[in-house]
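Undergrad: The primary structure of each chain is shown beneath.
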Amino acid sequence: MHEMALALSLLSMAEEEIVRRNCTRLLAARVEYGALAGLMPEALQCCFEALTRGTAHEQARLELVCLPVRLRCPFCGAVFGGDSQDALTTPCPGCGELFGHIVEQGREMILSRLEAL
Amino acid sequence: MQIPVIRNVLEANEKMADKVRERLLGHNILALNLISSPGAGKTSLLERTLRDLAGKFRMAVIEGDLQTSNDAERVAATGAQAVQINTEGGCHLNSGMISRALDKLSLDGVDILFIENVGNLVCPVEFDCGEDAKVALLSVAEGDDKPEKYPLLFNLAKAMVLNKIDLLPHVDFDLARARAFAVKLNRTLDIFELSCRSGEGLDAWYNWLEKARAEKMPGKMRGRTG
Chain L
1 MHEMALALSL LSMAEEEIVR RNCTRLLAAR VEYGALAGLM PEALQCCFEA
51 LTRGTAHEQA RLELVCLPVR LRCPFCGAVF GGDSQDALTT PCPGCGELFG
101 HIVEQGREMI LSRLEAL
Chain S
1 MQIPVIRNVL EANEKMADKV RERLLGHNIL ALNLISSPGA GKTSLLERTL
51 RDLAGKFRMA VIEGDLQTSN DAERVAATGA QAVQINTEGG CHLNSGMISR
101 ALDKLSLDGV DILFIENVGN LVCPVEFDCG EDAKVALLSV AEGDDKPEKY
151 PLLFNLAKAM VLNKIDLLPH VDFDLARARA FAVKLNRTLD IFELSCRSGE
201 GLDAWYNWLE KARAEKMPGK MRGRTG
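Residue numbers (this note's numbering), protein chains in the order written: chain L, 1 to 117; chain S, 1 to 226.
FYI, nobody ran anything at the bench for these hints, they're computed from the structure.
There could be a bad hint or two in this list.
Heads up, simulated EDC-like pairs for lysine to aspartate or glutamate below, C-alpha to C-alpha not over 20 Å straight-line [what the hints assert, rightly or not]:
id, chain 1, residue 1, chain 2, residue 2
1, S, Lys-184, L, Glu-104
2, S, Lys-184, L, Asp-86
3, S, Lys-15, L, Glu-15
4, S, Lys-15, L, Glu-17
5, S, Lys-15, L, Asp-86
6, S, Lys-149, L, Asp-86
So the derived label-pair ranges between C-beta atoms look like this [as the list claims (entries may be wrong)]:
id, chain 1, residue 1, chain 2, residue 2, range
7, L, Ala-50, S, Gly-79, 23 to 29 Å
8, L, Gln-59, S, Pro-38, 26 to 32 Å
9, L, Glu-104, S, Ser-69, 42 to 48 Å
On the chain L side, residues computed to face chain S include the following (Cβ under 7 Å) [as the list claims (entries may be wrong)]:
id, residue
10, Leu-6
11, Leu-8
12, Ser-9
13, Leu-10
14, Cys-66
15, Gln-85
16, Thr-90
17, Gly-100
18, Met-109
19, Leu-111
20, Arg-113
21, Leu-114
22, Glu-115
23, Ala-116
Just so you know, these numbers come straight off a predicted model, no measurement behind them.
Cβ coordinates follow ideal geometry from the N, Cα and C atoms, glycine included.
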């Protein structure tokens, strides 16, 4: 539901970066997001399209890459993961502990690459 | 042209949140971000707290709702300063909205600022509002599996309030189940079972507020720890 705010923020950062390099048209933007980041890819695509339609960036592609969850068990130190928030409550493969896993990766939302003319 | 960048999509919000935090620190104000589903009792908890602790603390409230100033009027009736933000469809508050709302408050002498977020267990968790801590609310009229369904909020919150316990005889809510799951997601979570209607359990919540207020120091109790 908050994807419009994310799309606005993303486009303003992309514009800042391409203007700095004397480009005027955004062709592609890649966002890497963690599986715990609460991002709905379809909704973000839809908002991105709505915001770029009728602008110089109309042709821009949004590439979304989901980063898996990486967790560390605070008790035995084992590192493990999964593709969804269910991993938070999956038993630690090292010692069987069910909860309290520390999130090492999975909450990020990073603009990682742009392509522009 | 290929442009490699590494920028946090939420960086603008987080930078502004840090500014808000700094500004509040300058006035030594404890800021708490209240997050729950619609109807869990955020405004009722504030009404009780503002009335019961009026002699102890100066408190201010920023109310977030899609529409209407009903909630700001309710809390202002207690005598506390209140500012209403209408997001007009937006599902969460962000740090820019908080910054603008702070301009409308007189911050001198304020001890505690409550931010009542838009009723929603998902989006508000992603947007740092510059608070010291998030407080999750859950009412026993909801499902006791909310912490399982929305783990991030309960994982990041410093405290969880289980409201409407006067309804327990009439509902199937299993307090132990809700507590157990929330604590397992967050071992340092402080939990308060209370009823804003009967007043039961409010003392423990008030003690926690007093302690949090006393502990307010730079760098302590950061809301976004994950």
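Undergrad: Would you mind marking each hint as holding or not holding in the structure?
TA: Evaluation of the provided hints:
no., hint, result
1, S:Lys-184 x L:Glu-104, "holds, 18 Å"
2, S:Lys-184 x L:Asp-86, "holds, 14 Å"
3, S:Lys-15 x L:Glu-15, "holds, 18 Å"
4, S:Lys-15 x L:Glu-17, "holds, 18 Å"
5, S:Lys-15 x L:Asp-86, "violated, 30 Å"
6, S:Lys-149 x L:Asp-86, "holds, 10 Å"
7, L:Ala-50 x S:Gly-79: 23 to 29 Å, "violated, 44 Å"
8, L:Gln-59 x S:Pro-38: 26 to 32 Å, "violated, 40 Å"
9, L:Glu-104 x S:Ser-69: 42 to 48 Å, "holds, 43 Å"
10, Leu-6, "holds, 6 Å"
11, Leu-8, "violated, 9 Å"
12, Ser-9, "holds, 6 Å"
13, Leu-10, "holds, 5 Å"
14, Cys-66, "violated, 14 Å"
15, Gln-85, "holds, 6 Å"
16, Thr-90, "violated, 12 Å"
17, Gly-100, "holds, 5 Å"
18, Met-109, "holds, 4 Å"
19, Leu-111, "holds, 5 Å"
20, Arg-113, "holds, 6 Å"
21, Leu-114, "holds, 4 Å"
22, Glu-115, "holds, 6 Å"
23, Ala-116, "holds, 5 Å"
Violated hints, in rising order: 5, 7, 8, 11, 14 and 16; the structure is consistent with all others.
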